[in-house]
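Protein chains: 2
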Amino acid sequence: MADTYKVGGMTCGGCARSVTNAIGKLAPGAAVTVDLEAGTVAVEGGVAAETVKKAVEGAGFDFGGQAA
Amino acid sequence: MADTYKVGGMTCGGCARSVTNAIGKLAPGAAVTVDLEAGTVAVEGGVAAETVKKAVEGAGFDFGGQAA
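Protein chains in written order, with full-length UniProt numbering: chain A, 1 to 68; chain B, 1 to 68.
Keep in mind that the hints are not guaranteed to be accurate.
As the list claims (entries may be wrong) - With a straight-line cut-off of 35 Å between C-alpha atoms, the simulated DSBU-like cross-links for lysine-lysine are: (1) B:K53 x A:K53; (2) B:K6 x A:K25; (3) A:K6 x A:K25; (4) B:K54 x A:K6; (5) B:K53 x A:K54.
In short, the hints are calculated from the structure, not lab data. All values reported here derive from a predicted model rather than from experimental measurement.
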């Protein structure tokens, strides 16, 4: 079961890779899927929302919380 | 005096911000200027090339060494 979060500021594949790497560094076991068009990031592997927030914001993107 | 490095994979402002943040985290005092068109990053503040490499690669971009 993946948790999906809104992430603002991702506009290209480089951004997607950057966010994926940032989450992977704080949560090595996570499977991360970025949907650029939707502006969302799905994280699988039981990662705390706070950890995702820290990774996303640390990489310079906007964390918009859990996607509806 | 800034040191300028080639960085591959940056294609938009989000990438630029991501690389800037990554360098800033490993070298808090550095002044970072990204030139997207040239694919270069200028780092001011006496930061070791190895530190820049680590930050750039950690963020998911390609470190191409010192720009000519």
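Each hint tested on the structure:
1. B:K53 x A:K53: Holds, at about 25 Å.
2. B:K6 x A:K25: With a Cα-Cα distance of about 24 Å, the restraint between K6 (chain B) and K25 (chain A) holds, given a limit of 35 Å.
3. A:K6 x A:K25: Holds: K6 (chain A) and K25 (chain A) sit about 19 Å apart, inside 35 Å.
4. B:K54 x A:K6: holds, 28 Å
5. B:K53 x A:K54: Judged against 35 Å, a Cα distance of about 22 Å means the pair holds.
Of the hints listed earlier, there is not a single one the structure fails to meet.
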